[in-house]
Each structure stands twice: as C-alpha cells, then as structure tokens.
Amino acid sequence: MQTTPEHAYPAHWEADVVLRDGGTAQIRPITPDDAQRLVRFYEQVSDESKYYRFFAPYPRLSDRDVHRFTHHDYVDRVGLAATVGGDFIATVRYDRIDADGRPATSGPSPTATLNGRFATSPDIADEAEVAFLVQDAHQGRGVASALLEHIAAVARERGIRRFAAEVLPANNKMIKVFTDAGYTQQRSFEDGVVRLEFDLEPTDRSLAVQRGREQRAEARSVQRLLAPRSVAVIGTSRRPGGVGRTVLRNLLAGGFTGRVHAVNHAFPEGGAVLGAPDLPGPGVQAHRFVHDIGEQVDLAVVAVPAEHVPAVVADCGEHGVQGLVVVSSGYAESGPAGRERQRELVRQARSYGMRIIGPNAFGLLNTAEAVRLNASLSPELPRAGRLGLFTQSGAIGIALLSGLYRRGAGQIGLSTFVSAGNRADVSGNDFLQYWHDDPDTDVVLMYLESIGNPRKFTRLARRTAAVKPVVVVKGARHTGSAPTGHTVPTTRIPDATVSALLRQAGVIRVGTVTELADAGLLLAGQPLPAGPRVAILGNSESLGLLTYDACLTERLRPLRPRDLTTAATPDDYRTAVAAALADDICDAVVVNAIPWVGEDAAWAGEDAATEADRLAEGRALAAALRQAVADGGAAKPVAVVHLEIEGLAEALGAPGIPTYPAAERAVRALAEAVRYAQWRRQAAEPGRVPEYEDIEEAAAGADIDALLGVAGDGDTRAPSEPGSGPVPRSSPLAPDDAARLLARYGIAVRPTLPAPDPDAAAAAAARLGYPVALKTTAPHLRHRADLGGVRLDLTTEAELRRAHQEFTDHLGKADELRPVVQAMAPRGVDTVVRAAIDPAAGAVLSFGLAGAPSELLGDTAHRLVPVTDRDAAELIRSIGTAPLLFGWRGSQPVDTAALEELLLRVSRLVDDHPEVVRVELEPVVVAPQGLTVLGASVSLAPRPAPADLGPRRLPAY
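Positions in the sequence shown are counted from 1; adding 2 to them yields my numbering.
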C-alpha cells in the first residue's frame, strides 16, 4: 500500500471485529489505494447522512476531498475504514488540533518511545477532532461504536488524550455513540451545534461498556450459527456415502425445522432431488451452487476438498450466508502449507462478514424444539437437556456424547454442542459468551486442547461461573504438545499455574474426560451443596469405608458411615435417605448399594437370579430413592454408588440422580461441587484492591521511563497485536535502581554492601551494624545455605573475617563469589514472592516458601493480577506448606497480615506499570512481627500491547 515514506503503514491497527448483529467487519487504516472504494461508499450514503456529516448538502466528493480523505500521515491525520467484502461500510477520521481548534502537528519527526507510547511534550497538541460516516444500510449494527474504540486506541498511541466532535442536534444516533461510550465527557451547545469533548483515558465505565458490547456481539454471532432458518450442505454426493451426504442425512433425521438444501457443482443444470434410500422425508432439492438456491441461506456446511473451499466461501459470501461449518480437513493440522491455507480461509470468510466453525470440525448441534439442528457427523440428535458441551476434538466429542447418553440413561440431555476442530475462528470464548445468557443451558462442559487467550478466557469463565458451573478438562497439558492445527500463541506458564488461574476464575478443572462427565451429571441434576459435610449410607460396610476415605482425601467432612446391612430393603433406603436429607448436620448424601444377597427375596421376587427380577430390584431401589428425595424437602445433592445393580442408573436418570461405579468418582464429583459452591458464595462478595497512600505511582512511572531510556536497546517497534508474540526483551535493573523503584510502592529492601575482601566486609559491617550475614551472589550459590554460600549471625569482626576466608578457601575466588554483607533480619519463615508477565495470560503473582518447597516440590500458588485482598489471603493459605506460617507443631505464627500487604503492593506495581515484566523478592523473611525483604530483582521492558484491555478484535493467529 502506498504511504508517505516518513510514516509506514501501521499494519498492527488492522483488526477483525464482531458487530452487534453477529456479523464481522474488518477495520483498517485508509490508504491512497482506497480512492475508488471511498467514492463508491459515498455514493451509497443517503443525502441525510451526508448532511449530518458535513452540516450542508454534499452530494458528491470532489477530487480534493478524495485526496484529503485517503492521504494520511498516521500521526496527526488518521482515517480508519470498516469493510465487508472489500467495500467500505463506514469511515472515521481524526485531525489533530490545537487549543484554538486549528490544525496542529506533533512535531517534525515523531517516534515511538521505548515504553510503547508515542512521544509527547507539554507544547505538543494532544487534542483531535473526530468525525464518522456510516452507510445507511449498516447503521444500527454497532459499526460506529467499534470504530470509536479503535480510533481512540490509535489516538492514545499517537499521543492524543482528548477527542472533540461537533454534531447536529438532530443526529441522535451519533450523539448516542459518543455518550454511551463511557468516557469522561463535557457537552456544550453553540451556533446550533452540539460540541462533545471527552478524555480518551479508559475508565471503569468505558471498559464495562466495551465488554458488554463484546459479549452481546459474540453471543449473537454464535446464536446465528446455532439457530439458522436454512442450511445448505455443500459437497453432498448424489449417492449414499461421503461426509457431505452423511451430514445431510443427520440434518434431516434430526428433524431440523428450517429449510435444507444440497449443493454440489457436479449436479446437473437445473438441479435435482435427493432422497431414498438413505435420506428420510420427501427429498431434498439439490443445486450446483449457492447462488442457484434463490433464497437466503443462513448456514453452510462445507464438506469439499480443501483446494475447492475458497471458491465455495466466495459463493457463500457473495450471497449472504452468515456462517460456515467447515468439516473439510487439510488445514493447519497438515503442516505449514495447510496453516497458511487456514489463515487465508479465515481472512476470506471474515471479509464477507461470516464466522467459521472449524476447519476439520465435527459439527454443531442445537436440541431446542424450535430448531432441532444436527449439522454434524453425529448419527443422532441427543435428547434435549441443560448441558452445553464444547470440544476441540471430534473423537472426544463423539465419546462424550455417547458417554453422557449412556450414563444418563438417555435422560440427561444437551442444550447445544460444538466440536470446533482447529477452531481457527469461533472458539470456546465465543461459546462462553453465548452460554452466559442462554436460558436453556445450566452447566457448561468444555474439552480444550489449547487456550488462545487465557486472560480473556478466565475473565469470561469467571463471569459465567458466577451464574452457572463451568467444567473444563484440558488436554495437551505439556509444553509444546498442543495439536498442530491449533495455531495459538504459546504460553510459558506451567500447567499447574493454569490450573490455579482457572480455580481463581471459578472454573471446575478436572483431569479426565470421565471426570468431566462425572461432574457434569452431578451438577446438571442436583442442587449445589451448602457445605462439605457428607452423610454416607448403604448396605455395604466396606463400600461405606471406601467412600469415607475418599471424602477425607478430597478434604470433605464425612460423617460416620451408616451401615444398613446387606438385608436392607428399598424401604430401609427410603427411610435412611429421607432422614439424612432432613438432618441439619449434613450437606450432601452419598448412597452405596450392592446387589441383594440375602435368602429372603420377597421384595425382589422369589427368584432373584432371573434377569427380569434383577431389573426389578434396581427399579425398586430407584423408586425408593426418588421418593426419599421428593419427601426430604431439603435442597441437598444425592449421589449413588452402585456395583452391578441392573436397571438402577436407567431408573434414576429421569430425576437426575447421578450414579457412579466407584466411590472415588462419586466423591470427586461431589468435592468439585462443594468447592464450586464455596467459590460462588465468596464471589457474591468480591474482594477489593486496597489503596495505599504512600504509593508514588507517578514518580515510579517517571523512574521507569528514565530507566528504560538507559536500559533499553533502542527498540522502537510498534506494539504487536495482543497475545501475538513474546514479551519484548527485558532488562534487569541494577540492585540500587530496583530497590528505589520498589520503595516507590512501599516495599523496603534491606540494603547489601559489597565485600570483595575481608577489609571491605568489615567496613560494611561497621556501617550496617552487627550481627550481619555474609553471602555470595554468584548465581550457582545464590540462596544456597546448604552449599555454604550463606553465613548467618556473625556478631564480631573476627567471625566475619574468618567466614570470608572460608568462603574463598572452599568456594572460589572472591571475584567469582561476589560476596556481600547484610544486616541480620528477625528470624522467621523464608518465603518467595514473584510476579511475571506471560504474553498470553498477562501478569501473574506467585507465592511459596523459599528453597526446596517451591523449587523442588513446586509448592507455589498463583493468581492473576490485579490481586484483591481476598486473593492475597487465599494465596498464602493455598500452598501445601502453609501450616508453617500459622504455628505448625507449636511454632509461633508469623505476621501473615504483613505478607498479604506485600503481595498487594507487588500486584499494584505490575498492574500500574506494564513495563515491569518481572519482580522477584527472595527471600522474604516473615517474622512474628513484620517482614524483611532480603533480596530483590526487577526487570523492565517496553510496554507490551494489552492482552485483554485494548479495543475489541478477533484473534488473528
């Protein structure tokens, strides 16, 4: 694209966005090559819209206008366009102005600073005038709101802090765009024009508005896929067999309520009718191309070879298809060429405003009676129910559909299902947006092999988990093992950290697909437990003991098992279960049952050996349990563990009482429900991020700018797309600089003085005061008292000199050891506090005990930044070695309040200043009164693009 050589085309401003109606558009900078597009766009704008834009009749653009609106310097004059199918549907432009409203510039040669922000000085104009024009056919789709988010982000990057807009009073739609955006505004009226001025600094309200619009748009885009009025299956063969024909048969057999079309370019001119022997119903009209159908097609299922897909996408896009399910393979899963083919597929589909499930997808299902959509390779449409299921694997999707049907005896159904394959476009995040408000879904189940935007996923999952359970099993947990088809950003954080972050968001993370089904069945059919107390009863003492042990393993509080004996009848079960449900000392009930083995088989029939009587035994027990639950009145979950009782699971499926073949599985599912219910109760009263009056945020920012100017390498690259790559190269600060920056946030680091020789050590000790510690700072000996690299409680100069001599005699030369002297801190528990930036997850705060517990055993807890007071309290209590902080074995408890405050201050530092990409405080000695930070390191890097705080955009992997 042609641009002036001084300012290169800013490719990172390009973005795909989802609009209010669920369609997509591309936002990009306008270039001189767009002259004809601009003219065509303007010709399709009504006279009224032109009048609102220019405050006068303006039927056409002059050559001078076209030049002005297509030539920008991308600093003082910027124009963005929203496009669909390559054509403009809306434009926005800003022009930098001075205090008098006249055109202004930012200087002769502006450049980006090391921290990713645009260079400004007090005498440079930081205000711009902004104006929009939206094609009438696309008004009401949220195009202007999306453009405002992006032009505001561009302006902030270019040093503009405030927008001004002049609008005619009758232009209510545009006034509403500005007033609803959530920015701090001023409004005036003069000379018949409304003047709006607003700061571009994001506010809590503007962020809430942006995320609300994002949720509604992405949910709508999924809803359009799940509830089409018409479906075309492209690639349907004329004879039975093949993927396309299979999808067509499944679509018809499922009873889809809309219109169905078959498409294949090999069909004869004039079309054909497909029918028996494999297709139910009167037959399906077949066409050669989508444009031959002659009516609106909402959803297309694409089942043609990958090399023919581009022509199919173009045919669909040019004739108004809203979404695609691409079951074709041969994309990123097949190698580099396929990956490029996948990128082009997404680009092409989005250019037409379409969203994609796939490629390499299994399909999607919607069991709602008004839709009954089975656009998948599943031979049957499952029973309608309250579970929403998302998988990235077709094989896992098939297994889960089959397992849920079998385990629920055909009674536990699904609301919606999608198996997204390579999920190049529509992902689990989109379905979380949809399920959050979906009245037909009570529980969300997800099998994920990769998470493209962990920070956004945890944000969406947290919001959804506040109203309904979200259960996740993650495959490909080990670094580098993500499926080749999933072209997502890599993340450096280990799987244990991902688990901690998901728990922080209220997500129920399980380890296997079996556990996913176990938890889903319990949550779908039973109320949440009010606490961890579990009543155990049944006709097997051994099975009761196994259940009791499993409860203790899961940190539940089981009551003593009640043995009903092997002679227990269904009436005995009914009485015992009803009593447990009515008893206030328990919060949940686990029922154990083994086949009846007594001689008196009156209640099961005279000959319990027959299959019919064994079924009758199970049905009788199920009827008793159903009656007990109905009579109990209390809302407590009930789970049943049974060993080979035929007919029991089937009979209990209808009321939603889950059954399990092993006590451990039932208790694990129940424990997840207990922990989730506790999280829900706590989430109802969220924690807060405290304010500390001694924090010097502005001074710290100035220090960081100055330090980056020294520590940086002159890298002035423009910010990359959020989550698209690694954190920029970081530079560790000198110890004094790190201590000074930490002090701005009230974090005092105990000073150390170099001790290259015994005399220097003695002088340092005299300055600091005895007792002192002598320690090496060599990387291989740092914090390694076990290797002799630390000597503590040196109370005299003689002891200090002797320790220094022993260092050099046994460990190496002084210039290799780099010894330092530090005043002794009060005795306590050594801990470590870290904060680091992950390119996809964002800032993560970690805590553990220093040394072997965290380094060898991995006993470390993690939370996403910003951390609340409740998060900080939970962080220090969630490690396995936490009892050492609270008086284990009679030791004196340490000052955990001071430790929580330190965690909150570190969180504030990295949250306020994204340039701080790593902080490590080790050791932090927590004493009974107060704490001491003995070692600290801080690394800075140019400000990364925000992972989840910028304007709305779809991922572009």
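Treat each hint with caution, since some may be false.
[Claimed, not checked] Here are the simulated distance ranges between beta carbons:
{"no.": "1", "residue 1": "201", "residue 2": "818", "range": "37 to 43 Å"}
{"no.": "2", "residue 1": "696", "residue 2": "192", "range": "44 to 50 Å"}
{"no.": "3", "residue 1": "645", "residue 2": "205", "range": "57 to 63 Å"}
No lab work stands behind these hints: they were computed from the structure.
Think of the CB as a built atom: it goes at the ideal place given N, C-alpha and C, for glycine as much as any other residue.
Outcome for the supplied range 57 to 63 Å, where the beta carbon pair is residue 645 and residue 205: holds (60 Å)
Whether the CB-CB distance between residue 696 and residue 192 falls inside 44 to 50 Å: holds (45 Å)
Outcome for the supplied range 37 to 43 Å, where the beta carbon pair is residue 201 and residue 818: violated (55 Å)
Violated hint: 1 only; the structure is consistent with all others.
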